[in-house]
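Enquirer: The primary structure of each chain is shown beneath.
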Amino acid sequence: MKFGVVVFPGSCDDVDAQLACARVADVVPLWHADHDLQGVDAVVIPGGFSYGDYLRAGAIARFAPVMTEVIDFAHAGGYVMGICNGFQVCCEAGLLPGALLTNASLRFVCRQVSLEVVNGDTAFTRALLSGATLSIPVKHTTGRYYAPEQELERLEAAGQVVLRYGPGQNPNGALRDIAGVINEQGNVFGLMPHPEHAVDELTGSTDGLGLFASLRDSVGALVGGGR
Amino acid sequence: MSVAGTYGAQRALELGLTLSEHELIVQLLGREPNEVELAMFSLLWSEHCSYKHSKLLLRTLPSGGPRLVMGPGENAGAVDLGGGWALAFKVESHNHPSAVEPFQGAATGVGGILRDIFAVGARPIAILDSLRFGGPASERTRYLLDRAVSGIGHYGNSIGVATVGGEVYFEEPYEQNCLINAMCLGLVRSDRLIRSAAAGPGNLLVLFGASTGRDGIGGASVLASAVLGEADAAKRPSVQVGDPFAEKKLMECSLELLERHLLVALQDLGAAGLTSAIPEMASKGEVGIDIDVSRVPLREADMEPFEIMVSESQERMLGVVEPSRLDEFLAVCTRWETGAAVVGTVTESGLIRVLDGELVLGELAVGVLVDGCPLYELSPERPATQIYPRPPRSLESEDATEILLALLASANICDRKYLFEQYDCVVQSRTVRRPGQADAAVLELEGDGAIAVSIDCNGRRVAADPYWGTIEAVLECVSNLACVGAEPLGLTNCLNFGNPEKPHIAWQLTESIRALGDACRALQIPVVGGNVSLYNEGPDGPIYPTPVVGIVGGGLAEPALAGRLGFAGAGDAIALVGGFAPELAASELAKLRGEELPTELPAIHIAAVTATQRTIRDAVRAGTLRSAHDIAEGGLATALAECCIAAGLGAAIELEVGSDAALFGETAGCFVVSGDPSALRQLDPRTPHQIIGRVGGASLQIGAGETRIELSLERLREAHGAGAALFD
Chain A
1 MKFGVVVFPG
11 SCDDVDAQLA
21 CARVADVVPL
31 WHADHDLQGV
41 DAVVIPGGFS
51 YGDYLRAGAI
61 ARFAPVMTEV
71 IDFAHAGGYV
81 MGICNGFQVC
91 CEAGLLPGAL
101 LTNASLRFVC
111 RQVSLEVVNG
121 DTAFTRALLS
131 GATLSIPVKH
141 TTGRYYAPEQ
151 ELERLEAAGQ
161 VVLRYGPGQN
171 PNGALRDIAG
181 VINEQGNVFG
191 LMPHPEHAVD
201 ELTGSTDGLG
211 LFASLRDSVG
221 ALVGGGR
Chain B
228 MSVAGTYGAQ
238 RALELGLTLS
248 EHELIVQLLG
258 REPNEVELAM
268 FSLLWSEHCS
278 YKHSKLLLRT
288 LPSGGPRLVM
298 GPGENAGAVD
308 LGGGWALAFK
318 VESHNHPSAV
328 EPFQGAATGV
338 GGILRDIFAV
348 GARPIAILDS
358 LRFGGPASER
368 TRYLLDRAVS
378 GIGHYGNSIG
388 VATVGGEVYF
398 EEPYEQNCLI
408 NAMCLGLVRS
418 DRLIRSAAAG
428 PGNLLVLFGA
438 STGRDGIGGA
448 SVLASAVLGE
458 ADAAKRPSVQ
468 VGDPFAEKKL
478 MECSLELLER
488 HLLVALQDLG
498 AAGLTSAIPE
508 MASKGEVGID
518 IDVSRVPLRE
528 ADMEPFEIMV
538 SESQERMLGV
548 VEPSRLDEFL
558 AVCTRWETGA
568 AVVGTVTESG
578 LIRVLDGELV
588 LGELAVGVLV
598 DGCPLYELSP
608 ERPATQIYPR
618 PPRSLESEDA
628 TEILLALLAS
638 ANICDRKYLF
648 EQYDCVVQSR
658 TVRRPGQADA
668 AVLELEGDGA
678 IAVSIDCNGR
688 RVAADPYWGT
698 IEAVLECVSN
708 LACVGAEPLG
718 LTNCLNFGNP
728 EKPHIAWQLT
738 ESIRALGDAC
748 RALQIPVVGG
758 NVSLYNEGPD
768 GPIYPTPVVG
778 IVGGGLAEPA
788 LAGRLGFAGA
798 GDAIALVGGF
808 APELAASELA
818 KLRGEELPTE
828 LPAIHIAAVT
838 ATQRTIRDAV
848 RAGTLRSAHD
858 IAEGGLATAL
868 AECCIAAGLG
878 AAIELEVGSD
888 AALFGETAGC
898 FVVSGDPSAL
908 RQLDPRTPHQ
918 IIGRVGGASL
928 QIGAGETRIE
938 LSLERLREAH
948 GAGAALFD
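Chains A and B supply the protein sequences, listed in that same order.
Residue numbering for the first sequence follows the numbering used here, starting at 1 and increasing by one per position.
Residue numbering for the second sequence follows the numbering used here, starting at 228 and increasing by one per position.
No wet-lab data here; the hints were simulated from the structure.
Don't take each hint at face value.
[Unchecked claim] Listed next, the stretches of chain B that the computed footprint assigns to chain A, with coverage defined by at least 3 CB atoms under 8 Å from CB atoms of chain A: (1) 376-385; (2) 641-654.
[Claimed, not checked] Anything over 12 Å on all C-beta distances counts as not near chain A; from chain B, calculated: (3) Val-388; (4) Thr-390; (5) Arg-416; (6) Glu-479; (7) Ser-510; (8) Ala-568; (9) Asp-626; (10) Trp-734; (11) Gly-806; (12) Ala-889.
Glycine is no exception: its CB is placed at the ideal position from the N, C-alpha and C atoms.
Assemble the whole structure, with the sequences as input and the hints as a guide.
Expert: Structural data, given as structure tokens:
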């Protein structure tokens, strides 16, 4: 089982994401300029400010050479997890529904928040229970989840809202307190909170580990199933 | 001869040199400098680059010791952490640019200190900041605060370095001259530290990073070396504009160049740009350098040679590379999409030659340029009376409960959450204690213990007494480290003062540096470097003297045991530790009451304080204490309230004396700790300590003589959170 963590110019949490992945499986960095996914079983697009977030968060990264491969990989059913800036990139790339807008406060916010696992039955949450509470930090300026009302209804009905900020915890004004969503096919997941910064009691909590472990197990199930 | 009124002398004056300095230049050169040369002198001999009014004093500071691996004079100093690792760190000011344009001023301040750290080969791991603004009610204060904090966050967050701590004070004397000091820490293998000394004649000088534009021209000499009045508006040049994305690439590029052993020397471009960087590299390496301005990549095509030489465009570095390694060097720059151009050559000449293609624009001996600047002795004189006006009175009540609520809600004490939430404090996965959790930030090292860091200075107390106020700043910083279990390893400082040519400022500076030296000798720690920011004064007078002190601490073998400030559990005993002798003079309460600053503070028995700090440190490390918090602004009652608020736990306290001084007075080297009662009784008996109460309940109750305070957690939180209004 091998994770790949994309490294764009301006990625900041790429090393952290690699450290988190390494707790549950093997991991390699995937350089933005290479058209090569090195045979990884799952891709993590990490947090940071790819290309300085110039133009619009994620808008330039979406056109990086490696993203051609990541998009093909996702379309072929490969697992992709976009964290924070990675979530923004996934939305820009059309891999996930909706968009991320500037926080209601117009400010950067770094805060430990509690999250509700809305759907514990996805490839990214299978090690967790629906209704469970996770303590994971957020840190972003552009994290206010938005989608048209009809789309939100559809997402909720289809179980595509995976994570929600707990009561009173919404740090950015996201619609319906949405913190993380999954695509219709269930293989691309994006979230604003940083699970890679919640993998060690010493630095805050271990509540993010379940997401990485879920992903490992999902890949294992696929491989075991003779994919 | 320099004659007032001649063109050369006139021009020198315009550029900020004095007539006698111009005369000295003519004498040393044996001729008049030309325009380019004069521009270079004006910058290198400016206060900002030459430290001409402070260097003689700074030389008295202890800068050696077994821990030191890189001392003052390099881009940053470093101390040994053991296991082959070194910690590079430095604090620097960006006061004057921030007063003009707070967002970019603060952002580029962070950018500059980050470059200083990776210029010695270290990967930046943490940023702290120390900020000063005018009174909290002022429109200007709120504007500067909001923009400066945004600027710091913009840069630090975007580059992936955690901002883990800092401090901010609001005092009227900073109204016109805000202070923006930023500190950075970086980790490096000791054997990979790199210096800035150019070496090896024939080696090439590569300028890499951003291209060069007209930004910040004249910044170092004009902005930071003189008092600007209303009439000098035209002298305020364009402030530099920061691009954290460019710096992120530059940082990764520089660290990869080092990793691949492609650098002979490395220097960041800061104040005065190439004009400062090139002679410094040549001087340290005892070589000459030819620099060809026609080869510098430009943002604007029509720049004059002197503009290229003095530009303060951000996100640029100078590397020295062997010709045979140049292609490899440039390949790394290409990989990181960092511009790079060979702009010069190391020579044996001992000269800085500024070329424009074939044309020689200037030719100066390195020694004259770098070491020729006169160093001035100050003429200190203690003023007969306090020079600072009374602060405005904002508190009338004499009731202890009302006083405590007012202190908790005051600008200098209220909750800082609204500030530090704008900074990423977790990136790089090593933050063991975040802002608000402990008195110092704690950062885990790769599988090998942790370090701690704190930055401190209460300028009002330094204004009351430059010597003892500065001693207090150092001790406060060490106390903060002790609360997490760390012992001090080394100190960096940023000396923010007014105009040193005035006798009373000279006295403040002299006394403050004398105190820094005495404190560091007592603690046996080196001063590894720092920064001086003078001329911080306006029409209303000078700022409070503000020697900001940053200290890094080590010895935290078990990071999980690092102390926290909040109480930990109901039933724990609370103890007051240290020689408790609080006084109201120059305290936060005295300020709220609008009392005049005293002209001296009580002397401190430094050895007794350091012994107390050792007791706290040892107990935290041993796991004896479940919380530890140092008593600072607002005194004992405020410290107790902070421990309650942080924990969401109440406490019941019994004290013998209920005077304002006992409850709200301030003193160095005292702590509020909690833990198992039997464990607290076993603290080192040589350190004064007494159990004063217990943790528990939903309110803070203090019985002290006739005085009674009872406040619910809710009311404490509400008061402490009142500062949020400041930051909206």
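Enquirer: Measuring Cβ to Cβ, find out whether Ala-568 of chain B lies farther than 12 Å from everything in chain A.
Expert: holds (20 Å)
Enquirer: Please settle this one: Gly-806 of chain B was flagged as non-interface, so is its CB more than 12 Å from every CB on chain A?
Expert: The assertion about Gly-806 of chain B holds, with a minimum of 34 Å to chain A.
Enquirer: Measuring Cβ to Cβ, find out whether Arg-416 of chain B lies farther than 12 Å from everything in chain A.
Expert: Correct as stated: the minimum Cβ-Cβ distance to chain A is 17 Å, above 12 Å.
Enquirer: The output says Thr-390 of chain B does not contact chain A. Does that hold with a beta carbon cutoff of 12 Å?
Expert: Given that some Cβ of chain A is not farther than 12 Å from that of Thr-390 of chain B, nearest at about 9 Å, it is violated.
Enquirer: Confirm or reject the coverage of the segment 376-385 of chain B by chain A under the rule of 3 or more residues with a beta carbon closer than 8 Å to the chain's beta carbons.
Expert: As far as the segment 376-385 of chain B goes, the hint holds, because 5 residues have Cβ atoms under 8 Å from chain A.
Enquirer: Over 12 Å to the closest beta carbon of chain A is the bar; see if Val-388 of chain B clears it.
Expert: violated (8 Å)
Enquirer: Minimum Cβ separation between Ala-889 of chain B and chain A greater than 12 Å?
Expert: Non-interface label stands for Ala-889 of chain B: nearest chain A Cβ at 37 Å, farther than 12 Å.
Enquirer: Closest CB-CB distance from Glu-479 of chain B to chain A, is it above 12 Å?
Expert: violated (8 Å)
Enquirer: Could you let me know if the closest chain A CB is still more than 12 Å away from the CB of Trp-734 of chain B?
Expert: Given that every Cβ of chain A is farther than 12 Å from that of Trp-734 of chain B, nearest at about 42 Å, it holds.
Enquirer: Evaluate the condition: distance from the CB of Asp-626 of chain B to the nearest CB of chain A exceeds 12 Å.
Expert: Correct as stated: the minimum Cβ-Cβ distance to chain A is 34 Å, above 12 Å.
Enquirer: Beyond 12 Å from every chain A Cβ: check whether that's true for Ser-510 of chain B.
Expert: About 35 Å separates Ser-510 of chain B from the closest Cβ of chain A, which puts it past 12 Å; holds.
Enquirer: Between the segment 641-654 of chain B and chain A, see if three or more residues pass the 8 Å beta-carbon test, and mark the coverage as holds or violated.
Expert: holds (count 8)
Of the hints listed earlier, those the structure fails to meet are numbers 3, 4 and 6, in rising order.
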